[in-house]
Amino acid sequence: MNVLFTDDNFTLFRDGFLRTVELTALSGLLALVLGVLLAAFRVSPVPPLRIFGTVWVNVLRNTPLVLLFFAVVFGLPKIGVDLGYFTFAVLALGCYTASFVCETVRSGINTVPLGQAEAARSLGMTFAQTLRLVVLPQATRTVVSPTGSILIALTKNSAIAGAFNNAELYGVMKTWNELGYKIFAIFFWIALGYLVITFAISALFRFLENRLAVAR
Amino acid sequence: MSSSVLYDAPGPRARTRNRIIGAVAVIGIAALIWVVVSRLDAHGQFAADMWEPFQYKRTQERLLHGLQDTLTAFGFAAVLSLALGALLAAGRLSDHRPVRWFCAAFVEFFRAMPLVIMIFALYVGIFGDAPLWALVIGLTLYNGSVQAEIFRAGINAVPRGQSEAAYALGLRKTQVMSSVLVPQAFRSMLPAVLSQLVVTLKDTSLGYIITYEELLYVGKLIAGTTSTAEGYPYIPVVLVIAPVYIGLCLALSGLARWIEARGRRSSKGAPPAPAADTGIAPDSGAGTIVVAAAADQ
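Chains as they are written, first to last, in our numbering: chain G, 75 to 290; chain B, 7 to 303.
Please keep in mind that the hints were generated in silico from the structure rather than gathered at the bench.
Do not rely on the hints blindly, as some may be mistaken.
[What the hints assert, rightly or not] Covered stretches of chain B, going by a simulated chain G footprint (3 or more residues, C-beta under 8 Å):
hint: 1; stretch: 45-56
hint: 2; stretch: 109-120
hint: 3; stretch: 127-135
hint: 4; stretch: 210-224
hint: 5; stretch: 240-246
hint: 6; stretch: 251-262
Note that the structure is a prediction, hence the values are computed from the model and not measured.
Positions of the beta carbon are idealized from the N, C-alpha and C atoms, including for glycine.
With the sequences and hints as input, model every part of the structure.
This is the structure:
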C-alpha cells in the first residue's frame, strides 16, 4: 500500500490522474457535440445525411475500440497525419463514443410526445427550429441519465489510451509494474483513481437530473 | 415516432432545398473519401508489395488462427459470463440479506472497473503464462456483472401478479422463479443479453494489450514483421481485419434486432404488422436496445 508514498510516485500518479481527467473531458466534449450532430443528421429530411449518420453509427458501434486505436495510432502517421498520441486518443475515443451519444439522443427525440413536434410544425417552424427550440430541450430530460452512463463508460474506455503511449492512469499502472511493485497495491490505487472520476460523473449527472426534473 | 413528424411533407421549394443540401453533402462526403484514398495511394498503401503478404498461405493461416483464438476467448467468456450473471442475479434477488449485499457489492465493483486495468492485473498477478485465462476471467467478471443486472431487470419487469399467483398456487420460491418468472423474463431480456454479448466479442480485442494472440495481435505481428519499400503494412492489415470484426458484431446485433422484432410481434398476439408499418417499428425498437447497451459499451 505504500506504493503511492515512495519516491516520486505521488507526482506520477497525480499527473496520470489529471491526464485521465483531461482525456475524458476532451473526448467527452467531442463525443457530445459530434453525437448530437449525428443524431440531427439521422432524423433530417436529407437522405444523404441520414445515410451518413446511419453508416457512421453502425460501423463505429461495431468496431472494437482497441482496433480503432490501432488504426488511428498506427495508420494515420503512415499517410502523413501525425498529431501526437494524446490527440489521437481524443479522436478515437470521441468518434467512438459519439455513435453511442447519437443513438441515445435519437431515442430521446423519440420519447418527446408527437403533439410537440406537430404543434411546432403547425406554428410554421422549420426542421431546424423544431429540433432546436422544441424537441431537443425536452429530449434533454430523458437523455441526461443515459448520457451519464455513456460518459462513465468513456472514462473506463479511456484506459485503452494507456496502451497506446499515453501516460494516464493505466500508463502509470504499467510503469509501476515495471518498477516491480506488488500488483495488488498498484491495482488498489489505480482502481481508486478511476472510481473517484466515475463517482464524480455520476454525482454530477444525478444533480443535473434533479435540476431538470424540478424545472418542469 | 417516425422521423417525418419533425418536418412537413416537403413542398416544391423545400424539395429543391433538400436536394441542394443533399447534393452538397454527397459532394462533401465524396471529397472526404477521395482525400483519404488519394493520401493512402500517395503514401504507397496500395502498392503491390504492401498487400503481398496476404497472398501467402502462411499469413492466411495465421489470420485464421487469430480469428479462432478470438472466438475461443469469446466462447469461454460468453458461457462463463452468462453463468456468473445468472448466479449473481439469483443472489441479488435472494431473501437472505448478506447474500444480497455481497452480490450487489460484487456487481457494483466489477461494473465500475475499467476492463483493461482488471485484465492487466489478472495477467501480471495470476495468469502470467496463460493470457487467455486472464482475458477470459476479466471479461467474465465484468460482463457477468452487467448480465446479472440485465437478468435482474428482466425478472423484476415481469408483472407482480405473476409471482403472487404462483405463490398462491403453493409453488415454492425456486419453482416460482424457474417455472413462472424466468420463462417470461427470458424473451424480454434476450435482446439486451445479445447486445451485451456483442460488447463481450468486441472486448476480446483487449487481449492485444496482454499479448494474447487474437486477431488484432496477430495482425500487429504480421504488420510489424513485414518490411516493404513503403514501410510496414499497418493500414492493409487494418483494412483486412476491421471488416471481420465489424461483420461478426453486425451479425450478432442483427440477430438481437431480429429476435426483438419477432418477440414484439408475437407477444401481443397480433397478426404480423402491415408492410408499411414494419419500416418504422424495428427502427424505433433498435433505439431501446441501444439505451440498454449504451450504458455498458
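Violating hint indices (sorted, rising):
none
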